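Enquirer: For reference, the chains in residue letters:
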Amino acid sequence: MAQETQMLKGLLQGCILAILSAGEMYGYIIVESLKNYGFADINEATVYPILTRLEKQGLLRYDKRPSELGPPRKYYNITDAGLNELKLFRDCWNDISGKVNTIIKEIL
Amino acid sequence: MKKLSAKSRWMLYLSIFISGLVIFTAVFYFIAAQKSQSSGLDNIILIIIIILAVLAVLFMLLTRLKLRKRTSALSPEYFEMYEEISDKLNGTSMSMMEKKETLSDILDLFLLAQKDGRSAEDVTGKNIDDFVTQIQDSFGYRSRFLHNIFVGVQYSVLYLFLMQGFEYFSQSDAGFFNQEISISTSMLLLPIAFVGAPMMTGLIRKNKPALAMLIPIAIFILYIGLMETINAFFLDIPWVYTFAEGKVNAIPNVWMLVLWIGLFVLAALFKWIQRKTSVKKL
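For the protein sequence lines, the chains are A and H, in the order given. Here the first sequence is numbered in the working numbering, starting from 1 and rising by one per residue. Here the second sequence is numbered in the working numbering, starting from 1 and rising by one per residue.
No lab work stands behind these hints: they were computed from the structure. These numbers were taken from a predicted model, which means no experiment stands behind them. Hints may contain errors.
To be verified - Derived pair list, reagent style SDA-like, types lysine to any residue, alpha-carbon separation capped at 25 Å: (1) Lys126/H / Lys87/A; (2) Lys56/A / Arg205/H; (3) Lys100/H / Phe169/H.
Said to hold, decoys possible - Short derived list, chain H residues pointing at chain A, Cβ under 10 Å: (4) Leu55; (5) Ala56; (6) Ala73; (7) Ser75; (8) Glu77; (9) Leu103; (10) Asp105; (11) Leu107; (12) Phe110; (13) Ile128; (14) Ile135; (15) Val279.
All residues carry an ideal CB built from backbone N, CA and C; glycine is no exception.
Model the full structure from these sequences, guided by the hints.
Expert: Spelled out as structure tokens, the structure:
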């Protein structure tokens, strides 16, 4: 179960980078976007630490702007390092998913 | 008082109790020393202790009122969750600025989710502890053991300064660098800085502030017990006698002062390097 969670977090990291490569967004909308893509069980508690981690690693940056509800809101953007990481993720995912799909098709 | 939640009121009563206990002990010690005409607390030290204890209660009250005011737009369900996260964050290694930033982000998330009619648990999940741990890790505080050691070194230096400063204010006829502190009292810093402080942080994180407050009291009682046992049975052993009755000048000159400050800064630097390395490995 822990392994599954770790794997999901790695995949989510790639998915978040992919979503943000389309344009800037704030955390709540990123979660909604993930849900719309089928990650129905994902909530803010999972995504918020990933966003912080990606920002600390320099893969994302954010701008704080006033929000209509009160506290300033963080709008996230992908950095050049983030785009490079996204390319690595996409290549890695294509490679692994291809192999896994082949095994499933041939054996199961 | 009606503005405060049940938990805030409990925290306030707890701080009043602890502060009252500190004031009572200091006044009792002051009066007992005056009656027996032995050296006790100086007037100024007694006043400082009372002011600090009262300020601690006022700080708790203002912090809780500020928390409620900042989150006045949250429903009771969301506020309860926000308050729990806020208290648990106080038990993490994160800096004040990081906690403030995180709480501001969480408040925005909560307000958006509340507007959409979602429940607080839908946003945070059932396991708040896990959520707080994930946040702490995302800031690079993965190795709590090393972090606690560096923090322990910093607490030890502050403790030595506090002890020597206390002696200086108690016996103002001698200079700061001429003050000697008891070896046994200075050794008390080890269990406080390296065991007590991390245990207190852990208990605050687990939402057990009352137990956390018991830790320094327990260490103090154990220390008194140890010293009484030594005085009763082991004082004839030379090294035990030195430990119990000996004195040491921890900051005898300006160079040692610089050395201790350097150690404090070095621990802060190691903490920073550890976090930077940790973030890279995330």
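Enquirer: Take the hints in turn and mark each one as holding or not.
Expert: To see whether the hints hold, each was checked on the structure:
no. : hint                : in the structure
1   : Lys126/H / Lys87/A  : violated, 34 Å
2   : Lys56/A / Arg205/H  : holds, 23 Å
3   : Lys100/H / Phe169/H : violated, 36 Å
4   : Leu55               : violated, 28 Å
5   : Ala56               : violated, 28 Å
6   : Ala73               : holds, 6 Å
7   : Ser75               : violated, 13 Å
8   : Glu77               : violated, 15 Å
9   : Leu103              : holds, 9 Å
10  : Asp105              : holds, 6 Å
11  : Leu107              : holds, 5 Å
12  : Phe110              : holds, 9 Å
13  : Ile128              : holds, 8 Å
14  : Ile135              : holds, 5 Å
15  : Val279              : holds, 5 Å
Going down the numbered hints, you'll see the structure goes against 1, 3, 4, 5, 7 and 8, while the others check out.
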